[in-house]
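Peer 1: Start from the sequences and build out the full structure, keeping to the hints where you can.
First to last, the sequence lines map onto chains Z and S.
Going left to right, the first sequence walks through residues 6 to 274 as this note's numbering numbers them.
Going left to right, the second sequence walks through residues 4 to 136 as this note's numbering numbers them.
In short, the hints are calculated from the structure, not lab data.
Any given hint could be a false lead.
Okay, derived cross-link-like pairs now, EDC-like style, lysine to aspartate or glutamate, Cα gap no bigger than 16 angstroms in a straight line [said to hold, decoys possible]:
{"hint": "1", "chain 1": "Z", "residue 1": "33", "chain 2": "Z", "residue 2": "45"}
{"hint": "2", "chain 1": "S", "residue 1": "10", "chain 2": "Z", "residue 2": "42"}
{"hint": "3", "chain 1": "Z", "residue 1": "33", "chain 2": "Z", "residue 2": "64"}
{"hint": "4", "chain 1": "Z", "residue 1": "127", "chain 2": "Z", "residue 2": "109"}
{"hint": "5", "chain 1": "Z", "residue 1": "33", "chain 2": "Z", "residue 2": "132"}
{"hint": "6", "chain 1": "Z", "residue 1": "108", "chain 2": "Z", "residue 2": "58"}
{"hint": "7", "chain 1": "S", "residue 1": "10", "chain 2": "Z", "residue 2": "213"}
{"hint": "8", "chain 1": "Z", "residue 1": "33", "chain 2": "Z", "residue 2": "74"}
{"hint": "9", "chain 1": "S", "residue 1": "10", "chain 2": "Z", "residue 2": "45"}
{"hint": "10", "chain 1": "Z", "residue 1": "153", "chain 2": "Z", "residue 2": "59"}
{"hint": "11", "chain 1": "S", "residue 1": "23", "chain 2": "Z", "residue 2": "121"}
{"hint": "12", "chain 1": "Z", "residue 1": "70", "chain 2": "Z", "residue 2": "51"}
{"hint": "13", "chain 1": "Z", "residue 1": "30", "chain 2": "Z", "residue 2": "74"}
{"hint": "14", "chain 1": "S", "residue 1": "10", "chain 2": "Z", "residue 2": "46"}
{"hint": "15", "chain 1": "Z", "residue 1": "127", "chain 2": "Z", "residue 2": "42"}
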Amino acid sequence: MATGARAGAATASAKPAPRTTGASKTIKLRIGRYRPERSDEPFYQEFTIPYREDMVVLDALNYIKERIDPTLAYRWSCRMGICGSCGANVAGTPQLTCAMYLKDVKRSPITVEPVENFRFLKDLVVDIEPFMEKLASVDPFIVREEEKPIERGEYRQTPEQLDMYRQQSQCINCMLCYAACPVYGHDPRFLGPAASALALRYELDSRDQGSAARLAAIATEHGVWQCTFVGECSVVCPKDVDPAGAIQQLKARAATRLMKSMLLPLATR
Amino acid sequence: MATTVRKAYVPRRSALWWTKNPRYLLFQFRELSGAFVVAYSFLVLWQLWALRGGSDAYDAFLQVWYSRPMVVLNVIILAFAVLHTVTWFSLTAKVPLFRIRGRPPRSAVVIGANVVIWIVLSFLVVRVIFGGF
Chain Z
6 MATGARAGAA TASAKPAPRT TGASKTIKLR IGRYRPERSD EPFYQEFTIP YREDMVVLDA
66 LNYIKERIDP TLAYRWSCRM GICGSCGANV AGTPQLTCAM YLKDVKRSPI TVEPVENFRF
126 LKDLVVDIEP FMEKLASVDP FIVREEEKPI ERGEYRQTPE QLDMYRQQSQ CINCMLCYAA
186 CPVYGHDPRF LGPAASALAL RYELDSRDQG SAARLAAIAT EHGVWQCTFV GECSVVCPKD
246 VDPAGAIQQL KARAATRLMK SMLLPLATR
Chain S
4 MATTVRKAYV PRRSALWWTK NPRYLLFQFR ELSGAFVVAY SFLVLWQLWA LRGGSDAYDA
64 FLQVWYSRPM VVLNVIILAF AVLHTVTWFS LTAKVPLFRI RGRPPRSAVV IGANVVIWIV
124 LSFLVVRVIF GGF
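Peer 2: Shown next as structure tokens:
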């Protein structure tokens, strides 16, 4: 998986210095820029930088910022596919820039743009507030009907119960799935893939008791029912969360719950 | 809490966004396939209506039905119906209804089982229509 590969690269400082492929070898990047203080429209700017085979796109951005243009704005933090902050459109595909090797990009110059379906704030930095609001709307935490005191111990879980939601719990909120989702691109009111995947993560958690309110919030016109199963969110997901599958599971759960409430009104909470 | 957004740029989406990625293109074809499935149901209704009109009306219908444009249309409808069916099967694999030894069945197993059931049922329908039972 890309993340694992990048994690290896991130610890490369303990290994011998990476072999350069020739002192004069360079690579050209075409960076999407937006500087609201100077222009109303985004534009592209090309940079030519020294190339090493072990460079990821984020290394290239860091090189540009440190050596060529300190005004270049982009988000990043962990450099190892965990924080989910360095997403960008690389050669037309949403990617974590820390996990994408320059050598694996087949086009030249390598185009790096802000992820699609979000408003641009500056250069590669986009407005993540709409996503944060959607995330909060699904109660992405364990809901208990009644909290027990700390001295009574933790809510215990078997490994099998953990396995039920392990896949969805890998989501790092990188928003690449939103960038790949044409439904969200068409209608920003759509709850979208990551928030849905995280909703399912808590739906499947044996400790959670907030299913009724959560399902009511997501089984709406702009909730999971707006998904038309394009599936591209699962293709670009760097953590194999499969948000497209999560949404279909939520649809099934919501429909089952509705049928139960109609047939057995006293049985549903 | 809303972020202060000054002069945020709202990117415009191209009307041809679905041509940028082969999977988007496949998605559009899948959505379009619904229209062809509906079209076929109208053709069947037309056939029933002709059948109700008696022998002459049905012969007239068959003359049109076996014409080259109609055969081409049927082949196109069949292609879209297969696409519709296969993509539906791939969707069913996303919703595990049961678990085997604590794990959901593999997608290939679910899709494969659907395809087998589809072929068996189709075979039975063909046998019922063309005789043998």
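Peer 1: For the pair we were handed, residue 127(Z) and residue 42(Z), check the Cα-Cα distance against 16 angstroms.
Peer 2: The hint holds at about 9 angstroms.
Peer 1: Under the criterion that the straight-line Cα-Cα distance not exceed 16 angstroms, is the pair residue 33(Z), residue 74(Z) satisfied?
Peer 2: Judged against 16 angstroms, a Cα distance of about 15 angstroms means the pair holds.
Peer 1: When you check the alpha-carbon spacing of residue 23(S) and residue 121(Z), does it fall within 16 angstroms?
Peer 2: OK: residue 23(S) and residue 121(Z) at ~13 angstroms, within 16 angstroms.
Peer 1: What's the verdict on residue 10(S) and residue 46(Z), does the C-alpha distance respect the 16 angstroms limit or exceed it?
Peer 2: 10 angstroms, holds
Peer 1: Given the hinted pair residue 10(S) and residue 213(Z), is their Cα-Cα distance within 16 angstroms?
Peer 2: The given pair, whose Cα atoms are some 41 angstroms apart, is violated under the 16 angstroms limit.
Peer 1: Between residue 10(S) and residue 45(Z), does the CA-CA distance stay at or below 16 angstroms?
Peer 2: Between residue 10(S) and residue 45(Z) the Cα gap is close to 8 angstroms, so the pair holds against 16 angstroms.
Peer 1: Regarding the pair residue 10(S) and residue 42(Z), is the alpha-carbon distance no greater than 16 angstroms?
Peer 2: Holds, because 8 angstroms separates the two Cα atoms, which is no more than 16 angstroms.
Peer 1: Are the Cα atoms of residue 127(Z) and residue 109(Z) separated by 16 angstroms or less?
Peer 2: The hint is violated at about 27 angstroms.
Peer 1: Please verify whether residue 70(Z) and residue 51(Z) have alpha carbons no more than 16 angstroms apart.
Peer 2: 13 angstroms, holds
Peer 1: With a cut-off of 16 angstroms on the C-alpha distance, tell me whether residue 108(Z) and residue 58(Z) pass.
Peer 2: Cα-Cα ~6 angstroms, so holds.
Peer 1: For residue 153(Z) and residue 59(Z), compute the direct alpha-carbon distance and say whether it is at most 16 angstroms.
Peer 2: 51 angstroms, violated
Peer 1: With a cut-off of 16 angstroms on the C-alpha distance, tell me whether residue 30(Z) and residue 74(Z) pass.
Peer 2: Answer violated: residue 30(Z) to residue 74(Z) is near 20 angstroms, above 16 angstroms.
Of the hints listed earlier, those the structure fails to meet are numbers 1, 4, 5, 7, 10 and 13, in rising order.
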